[in-house]
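**Q** Start from the sequences, fold in the hints, and give me the full structure.
Listed in order, the protein sequences are those of chains Y and A.
Be aware that the first sequence starts at 1, since it is given in UniProt numbering, and climbs by one per residue.
Be aware that the second sequence starts at 1, since it is given in UniProt numbering, and climbs by one per residue.
The hints are simulated quantities; they were obtained by calculation from the structure and are not laboratory data.
Incorrect hints may appear among the rest.
As the list claims (entries may be wrong) - Covered stretches of chain A, going by a simulated chain Y footprint (3 or more residues, C-beta under 8 Å):
(1) 122-132
(2) 269-276
(3) 426-439
Unchecked claim - With a cut-off of at most 30 Å between alpha-carbon atoms, the simulated DSS-like pairs for lysine-lysine come out as follows:
(4) A/Lys275 with Y/Lys443
(5) A/Lys203 with Y/Lys212
(6) Y/Lys126 with Y/Lys212
(7) A/Lys306 with Y/Lys264
(8) A/Lys349 with Y/Lys429
(9) A/Lys349 with A/Lys321
(10) A/Lys349 with Y/Lys443
(11) A/Lys306 with Y/Lys429
(12) A/Lys349 with Y/Lys428
(13) Y/Lys429 with A/Lys394
(14) A/Lys394 with Y/Lys428
(15) A/Lys394 with Y/Lys443
(16) A/Lys217 with A/Lys203
(17) Y/Lys405 with A/Lys306
(18) Y/Lys247 with A/Lys349
(19) Y/Lys428 with A/Lys401
(20) Y/Lys264 with A/Lys401
(21) Y/Lys60 with Y/Lys169
(22) Y/Lys428 with A/Lys275
(23) Y/Lys247 with A/Lys203
(24) A/Lys285 with Y/Lys413
(25) Y/Lys370 with Y/Lys332
(26) Y/Lys429 with A/Lys401
All C-beta atoms, glycine included, are put in the ideal place defined by N, C-alpha and C.
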Amino acid sequence: MESAEPEPSGSRPEEEEEEDEEEDEEEDGALLPPEQPAAAVRMEDCLAKKMEITVSEAEKRTGRNAMNIQETYTAYLIETRAVESQSEGQCAPVESLWRRYSEFELLRNYLSVTYPHIVVPPLPEKRADFVWHKLSADNMDPDFVERRRIGLENFLLRVASHPVLCQDKIFYSFLTQEGGWKEMVNETGFQLKADSRLKALNATFRVKNPDKRFTELKHYSDELQSVISHLLRVRARVADRLYGVYKVHGNYGRVFSEWSAIEKEMGDGLQSAGHHMDVYAASIDDILEEEEHYADQLKEYLFYAEALRAVCRKHELMQYDLEMAAQDLTSKKQQCEELATGTVRTFSLKGMTSKLFGQETPEQREAKIKVLEEQIQEGEEQLKSKNLEGRDFVKSAWADIERFKEQKNHDLKEALISYAVMQISMCKKGIQVWTNAKECFSKM
Amino acid sequence: MEAEGRAPGSPLLAGGEGPGVDSRPAAGAPGTARGPLIAAAEVLALDDEEDDLEVFSKDTSLAEVNSFTPSMPISPSSMINQYKFEDGPELRDLFITVDDPESHITAIETFITYRVVTKTSRGEFDSSEYEVRRRYQDFLWLKSKLEEAHPTLIIPPLPEKFIMKGMVERFSDEFIETRRKALHKFLNRIADHPTLTFNEDFKIFLTAQAWELSSHKKQGPGLLSRMGQTVRAVASSVRGAVKNRPGMFTEINDYMGTFSQKINLLDKIAHRIYKEERDYFNEMKEYGPIHTLWSASEEDLADSLKGIASCIDRCCKATEKRMAGLSENLLPILHEYVLYSEILMGVLKRRDQIQGELDSKVDALANRKTEKDLFSEEIGKLEDKVERANNALKADWDRWKQNMQCDMRSTFTNVAENNLRFYEECLATWESFLASQTVDLHVEEDSEDRP
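**A** Dropping the structure here:
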């Protein structure tokens, strides 16, 4: 497999041929050990360009879960179709399968563990958050389900366009193999690789020499998370208030209409003005629905911040392990030296007990030294590989982080622009309605 | 929608006026209502001109007061002024302002007085300019005198004594300002009224010094006895008057029933809209700064974020203006007409009562054929009284309807204009932001999905 340098560009992938998958099959169940960063593929070779992926439907299902309890859940239809580079007028057939949210979660967990140096795209929220009064917090609510469908599709597209992740076999199977996928994932044994310490977000590890960039990045991801949450909360409140302003105007319509019944000259003006007030009041629904999509775009990056932090965390832990290993090696070397020279420079329990209960025999000491020397050698090899591992991790992680940064800047700028476009559209609608209303009023 | 006290939240412009039957030029509309003023200035001696302009420029705070031209567009309200006077384009000759609220603290009470300035060219006034101070009680007195003298004329509404429900304290600046504007309106509506404007008590109210007014007030029946009269009158009018009421007045009664209901609803709606807009404004105030905060941790995005923050802030200010417009125009006018509908019901009742007097005398005559002559003279007088009352009410009703239509038209048009200004300002803000962002990007969003 060609190991092309990962290109940190946010540009859209171009169309190219399929890359060689044989290498993957040689690996154990497509599990690429985290110690060897996966080679990235050029944007043009990403899966997203070879395959159309959509999450086209959502369906309510009932079934029995692992504990044989009846439950209701939503299943999502994933449709895929190979993109022919030269269309001969015939499209490839559409393949489809159903997946539920928990399977998406499983996929993502697998990806996070398998590619700890990658900023793995986030899933849409599990439960509705940042709701304002009109939105439902119910997971079964059709609007929520719809927005989640879009979010899941977005997730798949993000993974499929990621230079490294798109090559993953488990991911490919998720899209194409209905039965037995769960078993396949579990067979990779990725759960064993999962570092439980990564979950303990609040635990601090005293790392002496972290890469400064990662420390800064972690700080940034915290700030990003905090500011986007705050923004989303206030936006929801603003939406609520805006809704109120528009909807109250609807009352004008009714009262004007009733009033117009007793007026001769004013009647027509009142009646038609009332109609425009109804239009005004109704217009807010579409406006706010559009804004929800904007909120979802921000939410994606809110969750991305967590993924970013996970990578920083991984680095921290690796560095911590490295420092611990180095520390351990140093102390073993010291022990060895002491045993060899007979000097006790450092306090050790063994040393004390041997003083108290008698010296050991030279043979015993030799044996100990030998063991230590073996351990030291092992330790040095391990340290070397850990060092290498650490450096490779830093290098590949940083490459993905650069890619992510560009993607983030591009996406968020687009989102902000789309927000402005939405505001402009709202203003134009307002101008139209009130111009009409003004004309009606002036004829009263 | 809960009923709420009048509690406009934003600071009201001093001297700002709503459209309506007003002689005062509106602060926001430099030229429109100045037609009659200009002509009046020409009617006055030229050396008075400066005085006039000074008074008005103080309130309107306009620098270009000197640059008027007689051919300025005339507002509908001033047109109505002209329309009311049947002898051709007769113009206003009585100008009244109410301003400068002052607190007076005595051992017994604290009260506010307002300065009432009158400028006139009328012969029956000894001077052409008067300045007096009046308190709310004095206005109440004037109103009751007018009602007494003209029971079937529609006397303009006075602001209420004291708002219990609202969040406005009795002597808060807002409350005082709202009341001042309403009192100003009250006096000007009287001045515009073809009959009331010549009322003697009105003249005394405008011109008498404080002690003169007090002594004048003490003459005539006391308030309590007058109240007693009204109660008895209302009670007697319930019987009989309704069945002999001319169809026209029944129509008016029915109309007022519905109108009153609708205007009260509109008043509630308008207050609710104001409240919602204020809540929206409060949330928006927090919304913009978050983007600025965010921009501090970004590099590439910093400019876009700051741009959004500034747009939101500007829209926030525009919202504030929109709110102010509402509280300066729509809310006071709707409230005035809520009060008017009560007044009209009262006028109709009084007419019924006058008719009731006649009817009961006629009924009594039917039972006593002997003292016919005595009765017939009395009845003749009462018949005249009824006819006069009916005619007065009819004419005033027509006039009131015209004014109401005009007021509603201009007020709601103003509301629409207010909203238009708001949206146009926001539109300009966002469009200029968009322009700054899309210098090197496509304006159209990509039709493809995001990666």
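**Q** Does each hint fit the structure? Answer for all of them.
**A** So, going through the hints one by one against the coordinates:
no.	hint	verdict
1	122-132	violated (count 0)
2	269-276	holds (count 4)
3	426-439	holds (count 8)
4	A/Lys275 with Y/Lys443	holds, 28 Å
5	A/Lys203 with Y/Lys212	violated, 86 Å
6	Y/Lys126 with Y/Lys212	violated, 33 Å
7	A/Lys306 with Y/Lys264	violated, 53 Å
8	A/Lys349 with Y/Lys429	violated, 48 Å
9	A/Lys349 with A/Lys321	violated, 42 Å
10	A/Lys349 with Y/Lys443	violated, 33 Å
11	A/Lys306 with Y/Lys429	holds, 26 Å
12	A/Lys349 with Y/Lys428	violated, 50 Å
13	Y/Lys429 with A/Lys394	violated, 44 Å
14	A/Lys394 with Y/Lys428	violated, 46 Å
15	A/Lys394 with Y/Lys443	holds, 25 Å
16	A/Lys217 with A/Lys203	holds, 13 Å
17	Y/Lys405 with A/Lys306	holds, 19 Å
18	Y/Lys247 with A/Lys349	violated, 39 Å
19	Y/Lys428 with A/Lys401	violated, 36 Å
20	Y/Lys264 with A/Lys401	holds, 11 Å
21	Y/Lys60 with Y/Lys169	holds, 29 Å
22	Y/Lys428 with A/Lys275	holds, 24 Å
23	Y/Lys247 with A/Lys203	violated, 48 Å
24	A/Lys285 with Y/Lys413	holds, 23 Å
25	Y/Lys370 with Y/Lys332	holds, 12 Å
26	Y/Lys429 with A/Lys401	violated, 34 Å
Of the numbered hints stated above, those contradicted by the structure are hints 1, 5, 6, 7, 8, 9, 10, 12, 13, 14, 18, 19, 23 and 26, listed in ascending order.
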